[in-house]
Amino acid sequence: MTNPTPISLTVNGESVSAQVLPRLNLADFLREHLGLTGTHVGCEHGVCGACTVRVNGDIVRACLLLAVQAEDASVETIEGLSDSGEISDLQAAFQNRNALQCGYCTPGMLMAAQDILTHEPQADREQIREHLSGNYCRCTGYHAIVDAVEATARARSGQAR
Amino acid sequence: MKASAFSYTRASSVTDALDLLALHGDQAKVLSGGQSLMPALNLRLSAPALLVDIGAISELRGISESNGVLKIGALTRHVDILRSPDIAKHAPLLTEAIAYVAHPAIRNKGTIGGSLAHADPASELPACTIGLDAIIVVRGRNGERRIQAADFFTGIYETVLSPEELLVAVEMPVAKSNSAHFFHEYARRKGDYAIVGLAASGILEGDVFADLRLGFFAVGDRPLLAAASKHLTGKPVTASMLADAQAALDAELDPQEDQQASAGMRRYLARQLMARCVATLLGRPELDARPRA
Chain X
5 MTNPTPISLT VNGESVSAQV LPRLNLADFL REHLGLTGTH VGCEHGVCGA
55 CTVRVNGDIV RACLLLAVQA EDASVETIEG LSDSGEISDL QAAFQNRNAL
105 QCGYCTPGML MAAQDILTHE PQADREQIRE HLSGNYCRCT GYHAIVDAVE
155 ATARARSGQA R
Chain F
1429 MKASAFSYTR ASSVTDALDL LALHGDQAKV LSGGQSLMPA LNLRLSAPAL
1479 LVDIGAISEL RGISESNGVL KIGALTRHVD ILRSPDIAKH APLLTEAIAY
1529 VAHPAIRNKG TIGGSLAHAD PASELPACTI GLDAIIVVRG RNGERRIQAA
1579 DFFTGIYETV LSPEELLVAV EMPVAKSNSA HFFHEYARRK GDYAIVGLAA
1629 SGILEGDVFA DLRLGFFAVG DRPLLAAASK HLTGKPVTAS MLADAQAALD
1679 AELDPQEDQQ ASAGMRRYLA RQLMARCVAT LLGRPELDAR PRA
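Just so you know, the protein sequences line up as chains X and F, in that order. As numbered in the working numbering, residues 5 to 165 make up the first sequence, in order. As numbered in the working numbering, residues 1429 to 1721 make up the second sequence, in order.
Possibly wrong hints are sitting among the right ones.
[Said to hold, decoys possible] Derived DEER-like restraints, expressed as beta-carbon distance ranges:
| # | chain 1 | residue 1 | chain 2 | residue 2 | range |
| --- | --- | --- | --- | --- | --- |
| 1 | X | S88 | F | D1639 | 33 to 41 Å |
| 2 | F | L1471 | X | H123 | 27 to 35 Å |
| 3 | X | S88 | F | R1574 | 18 to 26 Å |
| 4 | F | D1672 | X | N100 | 57 to 65 Å |
| 5 | X | Q105 | F | D1447 | 39 to 47 Å |
| 6 | F | A1433 | X | Q105 | 36 to 44 Å |
| 7 | X | Q126 | F | N1570 | 49 to 57 Å |
| 8 | F | R1617 | X | P125 | 21 to 29 Å |
It is worth saying that the hints were derived from the structure and are not from the lab. Here a beta-carbon is modelled for each residue, glycine too, at the ideal position from N, C-alpha and C.
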């Protein structure tokens, strides 16, 4: 049973079937098997948040989920969210506010930010900071990221400055 | 790092899982939400031959209340506890504490059973079960065992659970009208493991603690039910009673030193948490007067 195991799942709306080793985590599956390298791999033990993806609508750490556990799941990556236009305003806000420098954390940041914008559209800065607390950024000092998320929240709720 | 190779099987029921565990013994590891196990595998701190994935066993999921007992299935995720009106009503300590457990993306996968079985001495939920006088329900092929939370944890990542047993649920008495609770932890970053924390519940009769359960965590190799609380019950708390309780607490602690804090700092913070807890529950801020530098 350490042999490749068949899995079937949906990734960004497309059905995917593959043979994977049980030890392969979802982040490596997305990157190495599907070529979806927007999901970044940082710490590989759930601390940095760079590998954040959505599974069945919930954000999760792709490094802490085995590919075999994603059987029948619906996985959405940064490629899916950006291609569909779901987060185009958030991406523009990140650009406008200089909320990224090296860009390594950005896919995970966008995933976590879109999660709070979806579930708590009226979130204030403190709530945004708390929701992003599981995502490390080593360049920006976070201030600009919080600015970008807050600006998006205001724009979406029709209170754009 | 990447996990070393292992085999993987998905258990279809509790019986199926117990058969697999009986067959493979300590060569097998139970995979629940994986939010503690996967880091250990990726860091190669653990290298089991087989993972038994219990994630699809629906009978282990869910929250229910009957006859004054709140029951939480082992597979109930942290996010489910956070959002549950039943938990907020019957065990508000858990609602408050769960917000300190890691970060949203972890809470979407991590389970209460996984957290308790993992038994990290710095994690919140084991201390909550002690503070709430919970029963941990485990099942083996020969039947069920019901274990007081205070007897369940035996060391760093160690419990009385045998490799052939499965933690299936946790049960606790529902909060009474005169129940009060307190939760706080000190951590460098919101969501990190605590430097020191306290999950407490008490019964208040007027301005007197009829009962007070103090579940400290990150103060030793396992969560601690502080016997020092006996200095605080039965009569109105005075500053000297609190000082006695703090001294008794200090004698019970066996804190580790690590990169986050010295043992002495942990002792200091635990004493401060005790004062803060008592002052908060009694509504008497003067009991939490900090010494001026």
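Against the structure, the hints come out as follows:
1. Taking the beta carbon of each, S88 (chain X) and D1639 (chain F) are about 55 Å apart, not inside 33 to 41 Å as hinted.
2. Against the hinted window of 27 to 35 Å, the Cβ-Cβ separation of L1471 (chain F) and H123 (chain X) comes to about 31 Å, which satisfies the hint.
3. For the pair S88 (chain X) and R1574 (chain F), the supplied restraint of 18 to 26 Å is violated, since their beta-carbon distance comes to about 50 Å.
4. Range check, D1672 (chain F) to N100 (chain X): about 59 Å between beta-carbon atoms, so the 57 to 65 Å window is met.
5. Separation of Q105 (chain X) from D1447 (chain F) is about 53 Å and departs from the stated range, judged on CB atoms against 39 to 47 Å.
6. At about 38 Å, the CB distance of A1433 (chain F) to Q105 (chain X) agrees with the hint of 36 to 44 Å.
7. Here the CB-CB span from Q126 (chain X) to N1570 (chain F) is close to 53 Å, well matched to the stated 49 to 57 Å.
8. Checked against the hint of 21 to 29 Å, the C-beta distance between R1617 (chain F) and P125 (chain X) comes to roughly 25 Å, which is consistent with it.
Against the hints set out earlier in the document, violations occur for numbers 1, 3, 5.
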